[in-house]
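Based on the sequences and whatever the hints tell you, model everything.
The sequence shown finishes on residue 497 if you use my numbering, and the numbering steps up by one all the way, no holes.
If you're looking for bench data, these hints aren't it; they were derived computationally from the structure.
Please read all numbers here as calculations on a predicted model, not as lab measurements.
Mixed in with the good hints, there may be bad ones.
[Claimed, not checked] Restraint ranges, calculated between C-beta atoms of paired labels, are given here:
(1) D239 x P324: 44 to 54 Å
(2) S84 x D255: 47 to 57 Å
(3) Q476 x W248: 22 to 32 Å
(4) T250 x P335: 50 to 60 Å
(5) A91 x L124: 40 to 50 Å
(6) G301 x K236: 44 to 54 Å
(7) T399 x L238: 20 to 30 Å
(8) L238 x K434: 45 to 55 Å
Here a beta-carbon is modelled for each residue, glycine too, at the ideal position from N, C-alpha and C.
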Amino acid sequence: MLRWVCQQSPKSQTISQVFDSPMFIIKAVIEMTPEEEQLKIASGELFENFRSSTIIQSKNGGSKRVREVVNDEDELKKSKKQKSKIKMKKAIRNLQDRVAVVEGQLNTIKSDIDELKGLMSTILKHIGLQRKGDEGDHKVSEGLEDEHIEVKKKGDEDVLEKKVDIGLEEPIDVVDDEDVIEIEPFLTQRPHVRPARRKRASVYLSTPFTTLPKRSLTSTTSTSESEAIVYDPMHKILDVHLDRLRAWITDKRTDDELRETFHGKKSKAFFRDLFMCRRWLSDEHLDALFLFIRLKIKAAGIPSSQNFTTADTIFMRILVSKWPLYKECIKENRPFDWDEEYRLVDYVVGSKVDFQDPWASVDYVYSPFNVHGNHWVLLCLDLVSCQVKVWDSLPSLTTAEEMTNILLPIRQLVPKLLDSTGFFDRRGRSSTYKEPWPVVIVDSIPLQRNNCDCGVFAIKYFEYIAAGVGLDTLCQENMSYFRKQLAFQLWTNTPMY
1 MLRWVCQQSP KSQTISQVFD SPMFIIKAVI EMTPEEEQLK IASGELFENF RSSTIIQSKN
61 GGSKRVREVV NDEDELKKSK KQKSKIKMKK AIRNLQDRVA VVEGQLNTIK SDIDELKGLM
121 STILKHIGLQ RKGDEGDHKV SEGLEDEHIE VKKKGDEDVL EKKVDIGLEE PIDVVDDEDV
181 IEIEPFLTQR PHVRPARRKR ASVYLSTPFT TLPKRSLTST TSTSESEAIV YDPMHKILDV
241 HLDRLRAWIT DKRTDDELRE TFHGKKSKAF FRDLFMCRRW LSDEHLDALF LFIRLKIKAA
301 GIPSSQNFTT ADTIFMRILV SKWPLYKECI KENRPFDWDE EYRLVDYVVG SKVDFQDPWA
361 SVDYVYSPFN VHGNHWVLLC LDLVSCQVKV WDSLPSLTTA EEMTNILLPI RQLVPKLLDS
421 TGFFDRRGRS STYKEPWPVV IVDSIPLQRN NCDCGVFAIK YFEYIAAGVG LDTLCQENMS
481 YFRKQLAFQL WTNTPMY
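Structure follows, in structure tokens:
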């Protein structure tokens, strides 16, 4: 059959060249053979022969190429599946990363929106107050216009014009004082017309901060309309602001730069140890932040806050250092000269810089205190119950008995120091309060779970308790944010609550 095809076809040479390829032979037969039925028979026989030869070869093991092709196809399919799985995993990871980025951006936008809402509410309040003042002035001007209209109706136009001319020619008498700005009425006003209301200048509290809150003045609005001040020790600071401080801290080009704060110039190391986690706080940190928080709470005018003041680590060190001399005086039966201890007396009577609140006018005195040279606790001299209260974030470090012995100089010397300044006489207390005060260790408080956040706990104990706020948000999980929050407020000299 193939020989006949080659003889009949004008392209016999081409077919001979591709004789080994059955597919090319079949195509040539379809193109060149006029007899379709013979072509069908020939192609059928050809395919049958080729199929049978292939089966025989595969059974006898004569052709391994077919098996290899099948195996290669299986491996190719497996590799394609693996590649597609890897691509899918990468795509899923990319989507997860994008979702996390979008969620972070949404959280930032939400915090920005909350801050803008607060600003808008403040602006609207000021606009409301200004409108009320404008309405009052408008009513006064309308009253004056009505008086002039009545005169005009009476037909006394000449007298009216004369009075207006006189009023415009006369200078306005303005009394300008530091506290009061008063505008005298025009001479044309009748005696029974009420003069303009006095305008008082804005009064500011004396604080070291750049943002000065206004003192609340008596308002005509009802108590239901006025909003109570809410103090939030967890006040949120936007990440973009914290990033500015972080960039400054990590910039090695400004390592020698000093930052001016209300508590003096502070180095970058000061802010780094406060901002970064797992850094131990020094006396300088505790003293600056206790003073800062005290001034912040006082300036805010929080109704729930205590009547308190603070002492610092210097006061406690001086007091403890006088203990050996005091014991020596007791042993020799001679009085201890408190007049010589003017540095301690200055704290009590309010004559020391930054500590101008006399202890006779407050109920509590808070101070940081260092135990064992490596652990900060919060001390409170309770001037009402005459006790020394302790907030310890790591009670397993010091037993109650050890703490009582450590605080013996304070328990003994504080009552004597107060007595030397006439404190008990002014308070009307008996002599029993001049005896050593008992130690009360406050329990059921949030505790630290590491060995480096005792200073931050002592600071936040003081802030929450002095402001009269519950301890719900005071926990180890928030210590990292508290560090950044306190550092940023000191860095910008801006109290936030």
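Hints, one by one, checked against the model:
1. A hinted range of 44 to 54 Å for the beta carbons of D239 and P324 is consistent with their spacing of about 51 Å.
2. Taking 47 to 57 Å as the suggested C-beta distance range, the pair S84 and D255 conforms, at roughly 53 Å.
3. Taking the beta carbon of each, Q476 and W248 are about 27 Å apart, inside 22 to 32 Å as hinted.
4. Look at T250 against P335: about 57 Å separates their beta carbons, and that is inside 50 to 60 Å.
5. Against the hinted window of 40 to 50 Å, the Cβ-Cβ separation of A91 and L124 comes to about 48 Å, which satisfies the hint.
6. Remark: the range hint 44 to 54 Å for G301 to K236 is contradicted by a beta-carbon distance near 22 Å.
7. For the hinted restraint 20 to 30 Å between T399 and L238, the CB-CB distance of approximately 44 Å leaves it violated.
8. Against the hinted window of 45 to 55 Å, the Cβ-Cβ separation of L238 and K434 comes to about 52 Å, which satisfies the hint.
Against the hints set out earlier in the document, violations occur for numbers 6, 7.
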